[in-house]
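Which chain is which? The protein sequence lines are A and B, in order. Per the numbering used here, numbering of the first sequence is gapless, rising by one per residue and ending at 115. Per the numbering used here, numbering of the second sequence is gapless, rising by one per residue and ending at 969.
Derived from the structure by calculation, the hints contain no laboratory data. A virtual CB, placed ideally from N, CA and C, is assigned to each residue, including glycine. Check before you lean on any hint, since a few could be wrong.
Unchecked claim - These stretches of chain A come out as covered by chain B in the derived footprint (C-beta under 8 Å, 3 or more residues):
1. 36-46
2. 49-60
3. 79-86
4. 89-96
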Amino acid sequence: MSKGEDRQTQGVRPSLFLERQSYRRRRLTDAARLLPVLGAALIAIPLLWPSGDAVQDGIPLSSAILYIFSCWVVLIAASLIFGFASRHKTANDDSEPESDRWQP
Amino acid sequence: MATLNVLILVCLGYVVLLFGVAFAADRMAAAGKGAWLRSPLIYTLSLSIYCTAWTFYGAVGNAARSGLEFVTIYLGPTLVMISWWWGLRKLVRVARSQRVTSIADLISSRYGKSNTLAIGVTILAVLGGTPYIALQLQSITLSFSIFAEADPSGLYRQGASVFWVAAGLAVFAILFGTRNLDANERHHGVVTAIALESVVKLFALLAVGIFVVWGVAGGIGPMMERIDASEIGQWNVDAGRWTTFIFLSAAAFVCLPRMFQVMVVENADEGHLRTAAWAFPLYLLLMSLFVVPIAVVGLDLLPEGSNPDLFVLTVPLSQGNDWLAMLSFIGGFSSATSMVIVTAMALSTMVSNHVVMPIWLNTQEGAGWVSGDVRSVILISRRVSIAVVMALGYYYYRLSGGGAALASIGLVAFAGISQILPALVGGLFWRGATRTGALVGLSVGFLLWIYTLLLPGMGGVLMTETVLQNGPFGIGWLRPQALFGIAGMDPIVHTVMWSLSLNTVAFCVASLLSFPSPLERLQGAQFVHVFDHSVALRGWTGSVAQSEDLMIMTQRIMGAGPAQEFFQAEAEKQGGRSSLPEPTPAFLERLERELSGSVGAATAHAMIGQIVGGSSVSVEDLLAVADESAQLLEYSSQLEAKSTELSRTARQLREANTKLTQISEQKDSFLSQVSHELRTPMTSIRAFSEIMRDSDGLSGEEQTRYAAIIHDEALRLTRLLDDLLDLSVLESGRVNLNMGGDTLRSVLDRAVSSALAGSNQTLAVRRSKASERISLHTDLDRLGQVFINLISNARKYCDADDPVLTISAHDVGGQLVVDFADNGSGIPPEARSMVFEKFARVGGDKAGGAGLGLAICREIMQRLGGEITYLPGQGGAAFRVRLPLAYQQAAQ
Chain A
12 MSKGEDRQTQ GVRPSLFLER QSYRRRRLTD AARLLPVLGA ALIAIPLLWP
62 SGDAVQDGIP LSSAILYIFS CWVVLIAASL IFGFASRHKT ANDDSEPESD
112 RWQP
Chain B
78 MATLNVLILV CLGYVVLLFG VAFAADRMAA AGKGAWLRSP LIYTLSLSIY
128 CTAWTFYGAV GNAARSGLEF VTIYLGPTLV MISWWWGLRK LVRVARSQRV
178 TSIADLISSR YGKSNTLAIG VTILAVLGGT PYIALQLQSI TLSFSIFAEA
228 DPSGLYRQGA SVFWVAAGLA VFAILFGTRN LDANERHHGV VTAIALESVV
278 KLFALLAVGI FVVWGVAGGI GPMMERIDAS EIGQWNVDAG RWTTFIFLSA
328 AAFVCLPRMF QVMVVENADE GHLRTAAWAF PLYLLLMSLF VVPIAVVGLD
378 LLPEGSNPDL FVLTVPLSQG NDWLAMLSFI GGFSSATSMV IVTAMALSTM
428 VSNHVVMPIW LNTQEGAGWV SGDVRSVILI SRRVSIAVVM ALGYYYYRLS
478 GGGAALASIG LVAFAGISQI LPALVGGLFW RGATRTGALV GLSVGFLLWI
528 YTLLLPGMGG VLMTETVLQN GPFGIGWLRP QALFGIAGMD PIVHTVMWSL
578 SLNTVAFCVA SLLSFPSPLE RLQGAQFVHV FDHSVALRGW TGSVAQSEDL
628 MIMTQRIMGA GPAQEFFQAE AEKQGGRSSL PEPTPAFLER LERELSGSVG
678 AATAHAMIGQ IVGGSSVSVE DLLAVADESA QLLEYSSQLE AKSTELSRTA
728 RQLREANTKL TQISEQKDSF LSQVSHELRT PMTSIRAFSE IMRDSDGLSG
778 EEQTRYAAII HDEALRLTRL LDDLLDLSVL ESGRVNLNMG GDTLRSVLDR
828 AVSSALAGSN QTLAVRRSKA SERISLHTDL DRLGQVFINL ISNARKYCDA
878 DDPVLTISAH DVGGQLVVDF ADNGSGIPPE ARSMVFEKFA RVGGDKAGGA
928 GLGLAICREI MQRLGGEITY LPGQGGAAFR VRLPLAYQQA AQ
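Given the sequences, and given the hints that come with them, work out the whole structure.
Pasting the structure below:
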């Protein structure tokens, strides 16, 4: 998503169907909105694990650490990617509708 | 081994370093240098005051007791940060556009600037902050005690040291947090110092972690084996606690006053959130990376019964690594200090803005205070409230005995402050949320939190053991830790579940049932639809271009001369090279004060806000502006009414003046005419009497003729004087009317006979006697005088060969109309307007009249309530007399 492409889309009358670049950017925003849902789901998974007690062996703590920290890294990376990808977006943030409102 | 004295010296040195950093950063910001002070990196690092001493020491302790449970309080904030696009972004935008100074301010602003609500949130924040402060005191004290145990001098006493730590932190927070008075302004110095502290504590914890993994355990692989082999080596986390703590930490991350301060109030640019969204979770990850290894190694190495909350310190000490222990001590110390500074700053702002200032302004009403007084009051109130908050923390520490685990104290504070969440989220996303709803919800949650968590946690002093066991007054279902009979839950989970769910229910129900005020509804719309109303707010950058705009605006309001003088003086005060001053806050404040003298405070504020930017105009501003303009409008309409009245009076005066001038002119011409009229007969009388006196040879016949002339002229003079007298009596209105009743016919009969008597000229009078049977009630003699005058005028002036006068009478709608028309040539049109004037004569001096007859007629008719007019188009001279049938007193 270079600056040149951004310039191309500027000055074009807003239409009902967006150009490929704008469309991609919208879906990126959607992804960013869904990210917390994904995060919540990932960190809720340990709830399904059996608890270790005297009778039965549970999940080893090292695996639990690996799982949780991996999820964490995935979330951070996704957030980082979104942050960089949407960096150009803020320039014309206000001219573009944020929601999927229909533009006449 | 480091002694206590060395430790205290290190602490003091560290504090001095922090002061130096803050001072330098403030200097650089003031000089306009150091753009990196406002960089996303500094912002992200400043967010890390979330990690307090609780995190630094308590996380390891928590891990040693419950395994991975400690990670929940980091996962919550991580979720909040990665959902910044629809959460924090809105919060920051709203706070910036409403110029919010604290979370209490935000809540109060959303719900129609309700100060009650602000006070409620402030109290909640202070009470929620109290356990937290106690936590910092405890952690510092504990870390001191570790070093003290090894200190050979043995002078250490724990009770006294807590007091001195509390006092020291209070002084430190007062010095640090109240240097800048302006709460709206970003504190570059403090934020930079906090960023430095966050680097120190991360570095310290990572250093200990690396030492433990590679220095003690011998690498990652052995470390993992050691973890699995330890007593916490299995996943053993209660599902309820896991979920509750993640939710609780997420809620507290947004609601904590200190987090709100650094995340929202100190935010210089919305775009920084984009970086913080990944960088802050990364920071949290690094902070928690080595927690489990340190805990496991601590459990292995240290003797049974040693406090796991201090493993970060004691593990390096047990390995003889004093310098690492010192580093970790400084890390813990900096965690505590940064938290205390920002909490004190945030809480003192809230207390002074929402509690002290309203009370002080109420008591000072009408005392004519100036701005300087308020500043000193704010300063004092902030310092006192910092001291009070620290004292409360100390008191809580003494009450709770200092024994409870660090993590549980922190969670108590989290649960308290999270009660704000329903009102906050509801206010941001639901337009139907009302002030009543927020108040009810907050109160319910707050009371439940105190009853179920805070009081039981403070030991047996405030809540006895019997109440805990059997409920108040023996009511079982009200047991503080088993509401509604549901026992066996973890106390924190129990409290969070009941207080937050009942809080939310109360908030929603009360909001649905109540009706918001207009201001509330406007604010609600502004908050919920903030992205439709505002633009992204950039950091404030002063430029001379703004000064020019300000100059133009000021000239319009104050006038060119005073505005230029003011700007010149300001520029000189700043010592700048250019003629325009830099738009510094101090200058803007003075300008606003200057302008508010002309246009009102609210308008001035809004105008400057428009030009300088950084904040949009709030509804309250607009309302104030509307008030001011309404006052102006009323004033101007009053002025308008007065000016209309003045111009009316002036017009009346002008009319009166014109009338007076006319009357005066009339009087002049009247006098000259009278003297002329008197002069003619007098001249002939004098001449003939001189002849009779000086001539001797006059015959008797001549004498008789001259004497007759003198007599005639004297008679004429007498008549003239009589007429004048009559006219003056009539005009002055002092005439006495002799009212009487008769018919028109008899009045006319008498008039005709007397007018024609003794005349040799023939004038035929035509009358219709039938129509003259009209009875009158008026002054008959005066009316007869008018008739006689008209008839004799016709006799004298009618120039027809056979003069005929036609007299006709009608009764027109209760008015008697009598027309006198002759068959002569009439009065020429140009003279018609003059015939009723005094001394007006038509057609020369033929008949020898003085020209007063018709003037007298007009006066008589006016006295009698009627009028006499010339009637054109009748062939000859015609006059119409109108008279009311029954005389009514004419208005004088």
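Hint check results:
Coverage of a stretch by a chain is defined here by at least three residues with a beta carbon nearer than 8 Å to that chain's beta carbons; for the region 36-46 of chain A and chain B the count is 4, and the condition holds. Only when three residues or more bring their CB closer than 8 Å to a CB of chain B does the claim for the region 49-60 of chain A stand; here the count is 7, and the claim holds. For the region 79-86 of chain A, the proposed coverage by chain B is satisfied: 5 residues have a C-beta within less than 8 Å of a C-beta in that chain, meeting the threshold of three. Taking a C-beta to C-beta cut-off of 8 Å, the region 89-96 of chain A contributes 5 residues in contact with chain B, enough for the three needed, and the coverage statement holds.
Comparing the model with each earlier hint shows no violations; every hint is respected.
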